[in-house]
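All chains, full assembly: derive it from the sequences and hints.
Taken in sequence, the protein lines are chains G and X.
So that you can map any letter, position 234 of the first sequence is 233 in numbering that gives the first Met the number 0, and since no number is skipped, the others follow by simple counting.
So that you can map any letter, position 362 of the second sequence is 361 in numbering that gives the first Met the number 0, and since no number is skipped, the others follow by simple counting.
If you are wondering where the hints come from, they were derived from the structure by calculation, not from laboratory data.
Just so we're clear, the structure is a prediction, and the values are computed from it rather than from any experiment.
Careful: at least some of the hints might be erroneous.
Where chains are identical, the list cannot tell them apart; a pair therefore holds if satisfied intra-copy or between any two copies.
[Stated by the list, open to error] Each computed DSSO-like pair below joins lysine-lysine, with the alpha-carbon atoms no more than 30 Å apart:
1) Lys611 x Lys531
2) Lys163 x Lys206
3) Lys531 x Lys664
4) Lys621 x Lys611
5) Lys664 x Lys379
6) Lys173 x Lys261
Protein chains: 2
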Amino acid sequence: MGSHAYKICEYDCWFQAWGTPDISPSLAGMLSNLRIEEKGEIIERAAAELRRGLARGFGISAGSKARDQETLVGTIEHLNTALGLSLPSQKPEGFVLQVTDTRIIVAGQDPRGALYGVYRLLFLLRLGKITAGTHIAEAPATSYRIINHWDNLDGTVERGYAGKSLFYQDNRIKYDPRRIEDYARLLASIGINRISINNANVRGAAKGLITEAYLPEVAKLASIFRPFGIRLILSINFASPCVLGDLAAADPLDPAVASWWKEQTDLIYRAIPDLAGFMVKADSEFEPGPFQYGRTHAEGANMLAAALRPHNGEVFWRCFVYNCAQDWRDHSVDRAKAAYDHFMPLDGGFDENVILQIKFGPYDFQVREPVSPLFGALLKTRHIMELQITQEYTGHQIDLCYLPWLWEDIMSFDTARGPASRVRELMGRSIEGLAGVGNVGLDQNWTGHPLAQANLYGYGRLAWDPGLSSEVIAHEWSVLTFGDTEVAETIKKILLASYPIYEKYNAPFGICFMVNPGIHYGPSPEGYEFSKWGTYHRADRRSIGIDRTPAGTGYTEQYAPQKAAVFRDPACCPENLILFFHRLPYDYRMKNGETLLQNIYNTHFEGYDEVKAMIDTWMGLKGNLDEGIYASVLSRMERQLENAGEWRDVINTYFRRKTGIPDAKGRVISG
Amino acid sequence: MGSHAYKICEYDCWFQAWGTPDISPSLAGMLSNLRIEEKGEIIERAAAELRRGLARGFGISAGSKARDQETLVGTIEHLNTALGLSLPSQKPEGFVLQVTDTRIIVAGQDPRGALYGVYRLLFLLRLGKITAGTHIAEAPATSYRIINHWDNLDGTVERGYAGKSLFYQDNRIKYDPRRIEDYARLLASIGINRISINNANVRGAAKGLITEAYLPEVAKLASIFRPFGIRLILSINFASPCVLGDLAAADPLDPAVASWWKEQTDLIYRAIPDLAGFMVKADSEFEPGPFQYGRTHAEGANMLAAALRPHNGEVFWRCFVYNCAQDWRDHSVDRAKAAYDHFMPLDGGFDENVILQIKFGPYDFQVREPVSPLFGALLKTRHIMELQITQEYTGHQIDLCYLPWLWEDIMSFDTARGPASRVRELMGRSIEGLAGVGNVGLDQNWTGHPLAQANLYGYGRLAWDPGLSSEVIAHEWSVLTFGDTEVAETIKKILLASYPIYEKYNAPFGICFMVNPGIHYGPSPEGYEFSKWGTYHRADRRSIGIDRTPAGTGYTEQYAPQKAAVFRDPACCPENLILFFHRLPYDYRMKNGETLLQNIYNTHFEGYDEVKAMIDTWMGLKGNLDEGIYASVLSRMERQLENAGEWRDVINTYFRRKTGIPDAKGRVISG
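Given below as structure tokens:
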């Protein structure tokens, strides 16, 4: 296979990455004759994408001569009307994909549906799943499938590990349009339909992005994404009326402020008429917000919503609000409670075009934390869930960490509020979608670590279908990328093993935040222990953890009663979260009969050993995949091994020193 | 006193800061008639400085009409010859200061001596120490009285806490020439005679400072310092032949490298003929050096020395060489041993114009660490001692920390090698001077914290006279700055109390490095515990500290036998260093009969309380000194109190959690 170029390195899409799969002559015949009769930016793009994908991924040149075999691409309505078909109507963005002996039909409920249908066809061809008789009808479970870029205008990317920004350089919008188009393709192919293009922390030059200084360039960028069905979101600074206008304050109830936003929003929409809206990080980690004027977040968000409403724009209002100047001595304050405490009382107070964006857990994208109690509880407020695709706490795209593994757990979480109360069941109902902090930068392979592409892929797939298992996703991505080979099968297994491995050598049992401050890479058991960020474990010589039961901070009571009862009782609480909810002595017996401390030792020794085994497995692939990918992954795995060794030894030494208790199995722990 | 301007804020010199002291009519008469007959840049500057100082500090206009009262300024040789005086010869840079009923004579051994004599006259007038009959003969104890600037060409200052660089902006040499002249005056008045103008870490644009791109501007800067008797030093990058030239390597034994340096040095000296030489940080914290070519530091330094010798230039070669990629698990490696291990074997191998620059202690300017064993031991190698005036580990010029208190301890340290073996007795003998990392930036009051000026003042005074007590220095600076008042007396006391207070709430008993990594401000008990920097305390539930006796790393044996014996035995070891040299259980009995742990608790409670008391004392000064200085100091003291509270509580909590032992006096320690 060494003769094939590694096409992902050439900015191309998953389904064209690697090798050329066999296509039956009959399918090839149908695919060679593409008919499309509709006009429109997106529908034409759908046809073009099919042509391009067939040419590059399958060596098929799709002409449009009338023959007895054909592929039709269009909207359901048009195809039914023009060709007398009777394709059933689908939900928005949905599609029908039918294959008969002579005809492939890709029919979208709307042009975007047709585009998604085309990509699905290409994926399935590659997965070997298209045969005569294939009949698929699909629509995305959720309407909001968003990527958030934390890109700064100076070209840096906050928590970015794949090179500089795709969009900015030296405080200017500057990009390679071909690369952006490739990126739009990458995203559209997995169903992404909105993208915020600047950091939620809107600082420096970024504050001006919503002004005429930048809007013409933003509009050009929007026009690259538009044919792919992707609308832009702009992160805005709540203090803009003071920063950009000449108002003395940004009080949301001040009519002058509302009027400033209205005018500015009108201006923005003249440049980008289909802007999806504003993302706002307010009163969070030093960003300005309504609190400083004594107003609620509902008052703040609704004021912006009013400005956006005439344009069908929406406010994506982040719920990452907590006291980041906390006193570590004060055991009564619990950061985990903050989002619920802030937003639950406001339920029902937000306007129709305000969408709360809630991080999946109460902290901040930790390796293991519970699902936020806001999900399932918010009933009268629109909201979406925020995930982090970029590996801030999960190894900086140096360590391999396949995130759909975690996301599957999140989707399986039962909020226990009413029937069908699992997160995946709420998706498309109370939870209207996902926002994911992107992991892509200027690195040629998109994501730094080649295998970290699977996280972006999986994110899009899950936003589309929250019922997908992480194994199915890993299989899809591996086969799309490496072909239907032994290599893909091995890589799938490596991906699936990677999250548990990372979790084993990281902070133990849901304790969170034992990372080096600021950089969030590598172990520092007390790195955040005396900080203002509100993230403590309070380990002493006897015990560790925060009691979040009613005897402690009472965080458990933010959950539904049935759920609270589970978390409240160490015997029922999932062990991977036991130190999140409980303060336990080191000699606490875990379910395997060994002590908590011994379990900490065990998992950390095992995590390291499993990284070693993973490297052996990877080295077994040598010669069977592109040498560049092989070497790139191997060099990162070697850094991961070093990192895992640091984690193992620092964590184990930390507890060894604290407790004085050696490893029961006699393994060496440094004193 | 509120009517007086705060002149230090106007970039003026200490002795003109505050108020106008009374001068007797007879002294005023003599001072009003200044005679100077010699020509020369420095001697004329001496006269000009006297005129300026009298006018601005004393309201005396020094004309030059012949009268029966006069002040003579000149060199001893000239005055003896021209006026038939018989002034005794002095050591270089020395002076005679004589006052009779009709005449004041300021006679320098050389022009610089006359300049120093003039400043001494101004200081003493202000201190009220000049009367008829005054007869002083003085010369500096050391020849090298150096300020090192860690200024980067982008305008930042590494470890600078007083604003941006005086010299650079946006990778250009850019300064206010008036400000630089004021700075030169400030330094010359306390005897500084050399200044390195760029960071020892020579990175980015700074690498080009020794090229024609910058040399004309460097030469202009040199010409401002020159009349004040101050010569420039340039920090150079050892890899320059590769970076600036087109050589593939910088091997010091390669004739092409030596020849490159010779030519480059000739070029530099054409621009600045009196350049004092090069400062070199080689093989240290990622800087290039001779090690990478398998050469010794002697070979590296001597190669540069050869290039400098024709120009009377010298190499200032830093001894801050250690393994900064250490494995914390490896208890056998001891960073404290590095400088001695590297340089002692090379004693005698350095050329005549190489001067080793050795940090005062084996670590890195910690609040309390022992004096480096190299002092007293190096017998055949020229060397100076490096101090840090900027408050990297001592509170960032937010916390008040009067450093001459520490420096007096250093000067009093007995190396126990031969007779007169105290550091202050070696000064001017084996230790040829001091290099101090400066604490001055663009802040209008020079040093950020107004009282941090006393550290710069004290540094210069100590380099001149290592026998001065920190109390005398505090008295001088306070009276020069605030006049001979109650205020000055109170401020002197505040200064003298400040170091012990800071030490009390910092890392206990010489354990060092319990600071936040990188920034080096605020407590982080395990901030460096698992790092690569080689600075560990290895506290566990029973004990803390590094055993540096022969039973441990053997660091004690780098000292003279008598000294080693003292450090080796916990019962003899000074208690403020006891955890530097020994690993001790928390119940170790200290000399006061209380345990080590209880002493840690005590000092940390006391340190905080003493900051509070200091603030009360400062507030008692309100109305008696300039409101701006009062408020500026008060606001910093309030931040210091907060900082001291963090130190107290973090350190005490850390040990409380580790040991499980509460404070014997029942004070509250957070769990």
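We went through each hint and held it up to the structure:
Proximity of Lys611 to Lys531 under the C-alpha cut-off of 30 Å is restricted to the inter-copy arrangement: shortest distance 23 Å between copies versus 37 Å within a copy. Taking the closest pair of Cα atoms, Lys163 and Lys206 come within 30 Å of each other both inside a single copy (19 Å) and across two copies (26 Å). Proximity of Lys531 to Lys664 under the C-alpha cut-off of 30 Å is restricted to the inter-copy arrangement: shortest distance 28 Å between copies versus 38 Å within a copy. In this homomeric assembly, Lys621 and Lys611 come within 30 Å of each other (Cα to Cα) only inside a single copy, at 16 Å, whereas the closest approach across copies is 67 Å.
Proximity of Lys664 and Lys379 under a CA criterion of 30 Å is satisfied in neither setting, with 54 Å inside one chain copy and 55 Å between copies. In this homomeric assembly, Lys173 and Lys261 come within 30 Å of each other (Cα to Cα) only inside a single copy, at 28 Å, whereas the closest approach across copies is 45 Å.
Going through the hint list in order, the structure does not satisfy hint 5, though it satisfies all others.
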